[in-house]
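Q: Protein chains in written order, with the numbering used here: chain A, -6 to 216; chain B, 255 to 502.
It should be emphasised that the hints constitute simulated quantities derived from the structure, not laboratory data. Among the hints, erroneous ones may be present.
No farther apart than 30 Å at their CA atoms in a straight line, the calculated lysine-lysine pairs in the DSBU-like style are these [stated by the list, open to error]: (1) LYS365/B with LYS96/A; (2) LYS333/B with LYS365/B; (3) LYS333/B with LYS96/A; (4) LYS333/B with LYS401/B.
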Amino acid sequence: MVGAIFGSTVGKKAIMATTGVILLLYLIAHMLGNLRIFFGEESINRYAVWLREIAEPLLGYGGLVWVIRVVLTLSVVLHIVTATQLARRARQARPVRYATRPKVQGSYAARTMRWGGVIIALFVTYHVLDLTVGWLNPDFEHGEVYDNIVVDFQHWYVALAYTAAVVVVGVHIRHGVASALRSLGVTTARGERVVNVAAIVFATALVVGFLSVPFSVFFGLVG
Amino acid sequence: MNLTLRVWRQPSASAEGRLVTYEVTDVSPDMSFLEMLDVLNERLILAGEEPIAFDHDCREGICGACGMVINGVPHGPQKATTTCQLHMRHFSDGDTITIEPWRSQAFPVIKDLVVDRSAFDRIIAAGGYISAPTGSAPEAHSIPVPKANADAAFEAAACIGCGACVAACPNGSAMLFTAAKVTHLGLLPQGQPERYTRVVDMVAAHDAEGFGGCTNTGECAAACPKGIPLETISRLNRDYLQATLRRH
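With the hints as constraints, model all of the structure from the sequences given.
A: Okay, here's the thing in structure tokens:
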């Protein structure tokens, strides 16, 4: 069974879809968590502590956060490894390129999945070093979630980079959601249109949710 | 109509190919694309040159023999139309038209615009069949087929195996072709005994031929002269995952 999944193009796409769904569920939770900032400093700082208190008797303080980090890291690695294998395979499948090949059907999102993915990977690395570890954030103080975010997004270049990255994530998700549902065989003929509309609505909602934070900080609504 | 053609010329599989420019004059808008090439070929033969090799057979859009990439689009600009059924009225006087063969590692060029599509035959051989006892044909009404299934199976069975899906796919994947066969047989009662081994075997054959993986861009369905829907691939994925996860 493992061979049939890891060894075939259809199986690799199923892995990409499954890990993509895991990452997407995390993004929803992350986005909703971010919105705590609109309820004040106390609220979001308390939320960060609460995250570490979940399942504390079983996993210890912050245990669940580490479980999530491990699952996310595994998902990211599997997602990138299978994507790279499929991209290399695609390149080998067409050694001679067309002299003329206009853009016909595939959406902008579909055409930019691979480079978009690379940009997202670079951004996530920066984002973790900036707001989780704090190495790239000179004013970082552990546990001071509210202050860290406000200080960070008061720099126009940080807000700009974050905005650009979130838009890339949104575009990635727009094709990703529709593609994942097809890769997992969920999409039916009747569901095609629903899936496409849902993917656009979902990606837009996520982008708006994520961008509401830096924009509010930058324009002084928060902080 | 007067046209400028840029045609891929390649004397043999191992030879280097290149785009060669030809001027074609007095083209009737009522000609099919292949008839226009026939006219050019007759002139080339009279001039003592090698005619352009291209595949064709029924010229009715039902055999799957013809196919070339016209201005970057398999079978040209007309939707759900094979090259033989494409008429010159869809072009304008003075147009420059670039004509290339299907580009795929699994479809090596034999000569000019002719490619070897026997990779498709090997995918079919891996599972594109049903087991049926020989003898006199059974009474057609003895096996009921739901109308919706019959319609969807027929839609997939319209695949003529021309290879336009591969030519259009940015990944060089033949998943629409494979999915059309899996869907057409897997939806009918006669195809049930091999339903799950078929999908696994055909995908394995597909991958072994060096075709790319599907990324659901939909280029294949847009290029398909028979309008096979993208959803067909979703059905293949569903059957494949069920076959591997549940060990059918």
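Q: Taking the hints in turn, state whether each one holds.
A: Cross-check of the supplied hints:
no., hint, in the structure
1, LYS365/B with LYS96/A, "27 Å, holds"
2, LYS333/B with LYS365/B, "27 Å, holds"
3, LYS333/B with LYS96/A, "15 Å, holds"
4, LYS333/B with LYS401/B, "27 Å, holds"
Violated hints: none; the structure is consistent with every hint.
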